[in-house]
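Put together the whole structure using the sequences plus the hints.
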Amino acid sequence: MMEEILNFNRREFFRSSAILTTGLLVPFYSFGGKKFETAPDPSTLAPNSYLRIGTDGHVKVLLSRCELGQGIWTALPMLIAEELDADWRRVSAEHAPAAIEYYHTMYDTQRTGGSTSVVSEFDRYRKAGATARYLLVQAAAARYKTDMASCRTENGVVLVGGRKIAYGDLVQDAAKLTPPTDVPLKDPSAWKLIGKSTKRLDTPDKCNGKAIFGLDVRQPDALVAAVARNLIEGSKVKSYDREKALAIPGVKEVVPIPQGVAVLADNFWTARRGRDALNVQWDLGEYASLSSEGIWADYRSRADKGGIVAVEAGDVDKTLASAAKVVSVEYYQPFIAHAPMEPLNATVRLGSSKCEVWTGTQTQTDDQNAAAEITGLPKEQVFIHTVFLGGSFGRRNITRSDFVREAVEVAKASGKTVKTVWTREDDIQGGRYRPAFLHRFKVGLDKEGRPIAWKQVSVGQSVMTGGPFEKVAVINGVDQYSIEGMQQAVHVKALENKKIEVNTTVLPIGIDNWRAVGLSHTIFAMESLSDEMAHAAGKDPLDYRLMLYRDEPRLAGVLSLVKEKSGWGKTMPKGRGLGVAAFKGMGSFAALVADVTVNGKELKVHKFTCVVDCGIAVNPDGILAQVESSVGHGLSATLYSEVTLKDGKVLQHNFYDYKSLRIEEMPEVEIHIVPSREKPGGIGEAAVGQVMPAVTNAIYAATGKRIRSLPVYSNL
Amino acid sequence: MITLKVNGVSYGVDVPDEMPILWVLRDVLGLTGTKFGCAAAQCGACMVHLDGDGIRSCVTPVARAADREIVTIEGLNDAIGRSVQAAWEEVDVPQCGYCQSGQIMAATILLRENPAPTDDDINHAMSGNICRCGTYKRIRAAIHLAAKT
Ligand code: FES
Ligand code: FES
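Protein chains in written order, with the working numbering: chain H, 1 to 716; chain V, 1 to 149.
Treat the hints with care, as some may be off.
[As the list claims (entries may be wrong)] Once the Cα atoms are required to be at most 27 Å apart in a straight line, the calculated BS3-like pairs of lysine-lysine come out as:
id: 1; chain 1: H; residue 1: K607; chain 2: V; residue 2: K148
id: 2; chain 1: H; residue 1: K210; chain 2: V; residue 2: K5
id: 3; chain 1: H; residue 1: K570; chain 2: H; residue 2: K705
id: 4; chain 1: H; residue 1: K471; chain 2: H; residue 2: K493
id: 5; chain 1: H; residue 1: K199; chain 2: V; residue 2: K148
id: 6; chain 1: H; residue 1: K649; chain 2: H; residue 2: K244
Think of the hints as simulated: they come from the structure by calculation, not from any bench.
Bear in mind the structure is a predicted one, so any value in this text is a computation, not a measurement.
This is the structure:
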């Protein structure tokens, strides 16, 4: 068991529970004898569920994953186009419907998350393209009575002898052929598209107002709903003024639902006014006095008591007693909201035999299940139309489909087609936060400053409990995501004396995946700690890490390169400093150096130098964009993000008190991608967690002040 | 009944005077390119041009636009607006894309008033537009590029 836990790895881990494996092509629309919506237009070539080629030569790629900014609208089509030898100018993308053929290759569900979209589709989408190419070549060879080996393909045409036959002209012949069960893939040396920076296919529509996000969905029969709900799970509506809401012109209905009370109107502005007029009173039960202070006091006393042992080896107390030095520290990280730019919403039309949902979602299968559960309809009669997500950062990857569930309840209760829309305040106060965490450490160092004993207690809520991954992620009562990447860190893994305990708290505050999941708080703890260990040992923090991580060559590799590129070691003016953080996650490795100046309570982040090794870089410019985003979004969290509670209520409301980074605060970002032939790793979340400790380590270098609680501006 | 001119087309809308322009555009006229991000004048996602000035449509009552000319992202077709959109495409600015209508409307105003903005000018003009995806580096690059064209 110990070995198993030590070997915990997100990917291997989920693969064991998956029913579909990477590369297996599920034939279209016949899975399990059931017909899905994906039955193709008969005039197209549709050898599998992932692409369609029209007689005009246009290639449409159906996306099993959703586009939330991370760039799969471009990267997944690139995989197909590469093997198909498509004409890239004639390739487009669209979100696939919810159907079993689009289930994740590693998770048993249709879901976008864990930075796995390219990782998991790398083989399946390339094979999908190669299969179509095979059929087109076979059709061309048959037409010109030659063998397939004497045909070549490029840019959307088959070359036979001196002839060029456009793919579109071969579609009808090729559609009559039986797709091969297996096809060879190109040798990477033959790649023309993979590895080449490619413009995003969704950019033009995102610059002219045409891109449709969930909030832009307009069904002619839909009313708009604003829902009064409460953060505290289990809270009950005591009273509300229905008549006052109905008295507002344009308000059509007021309906109670399990989540609270919904007001329906012609437009959102009116619905919101109606909701405000309701003046809902809530009974928070035993949580009426819940406060952040009380939560932290409880967390500290839990840390004193310890928790369930996740890992134990040797005699940690004895080794600590004999250590040359002991680093004894604790790190606090608050609840944080995702605050995607597009407020949450979902449009639902519920009929007697089917339910349609339009929304930006990462969890189509869970949404189907939720709607089926509420309506009593079979899951296959729930149709999820995925549209662009106006950001998510995990907010639309929710274990229990909260915002879809709520919209279906409103449709059911009102008997109307509805679009529910959340306000920004609803979003900031609506929970599903990154959980607050306390990580407490005692690390013993030997005379050379090397760690010899590691004692840790981590306290916080479990993200995975109650969700679809509970069975695989919660081992002997320990949610592995509460300590994600900690026991697997190379310098912890190697220790002979260690004890890591996890005390899992239960609070009535919904928590869930936030960009990088567990790594969104564990890296701050781990990489602050490595810095403190280095200083305790009297060593340069970057060189110390090179020593500590030497048996993780790709991590040491990104660190060495960031040392060179960031000008590490140069003399800095007073008040200015560099801080480093390096970690592996999502199958990738990232080292970041922050360059900051501190002047009293003011902080200026000048620059981030980032080195990432994410294996094969499918779309290098897309990778740069994700690392830029990791810095921008991660820096918001580092400097500002914090949800605090008093008397059972969230104290933040909107961007004026839940602040976000603005353009003048965006540092310069220099990024280096390590050339690699390793299999692709994730990149959307692989460099987020490092931003926080890189900044606080730089603040320490600049001022000698160690920040052990986030966000920075509440603690500087 | 209020008469509005949006992207060159006149509309008569029967809504309360205090209804924000944002919701008239989105929920009444069906012009969804203009986005709702905060409804509190904090994020700039809702920016449109009213007689050539950049305004936050989420807090501007529709009565203020009576008999005046609104331009939204869907109707942005002057030379500067087009050069901004082209630069946005060239630099591949958007990620989720949700904030970008507002960013482009704000950048267009900036370049109309200041054809060669410095980094500080950009900070000043664009500070009201939040991008949660953190595309600021590319927004800056795209504005400089548009200024050159
Ligand atoms: S929606 Fe108007 S400023 Fe945010
Ligand atoms: S691109 Fe997503 S908020 Fe700006």
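For the pair supplied as a hint, K649(H) and K244(H), confirm whether the alpha-carbon distance does not exceed 27 Å. Since the Cα atoms of K649(H) and K244(H) sit roughly 24 Å apart, the hinted pair holds (cutoff 27 Å).
With a cut-off of 27 Å on the C-alpha distance, tell me whether K570(H) and K705(H) pass. 20 Å, holds
Straight-line Cα separation of K471(H) and K493(H) no greater than 27 Å? OK: K471(H) and K493(H) at ~24 Å, within 27 Å.
What's the verdict on K210(H) and K5(V), does the C-alpha distance respect the 27 Å limit or exceed it? Status holds; Cα separation ~20 Å.
Would the pair K607(H) and K148(V) pass a check requiring their Cα atoms to be no farther apart than 27 Å? 25 Å, holds
Can you confirm whether the C-alpha distance between K199(H) and K148(V) stays at or below 27 Å? Distance ~21 Å between K199(H) and K148(V) Cα, so the pair holds.
Taken one by one, the earlier hints all hold for this structure without exception.
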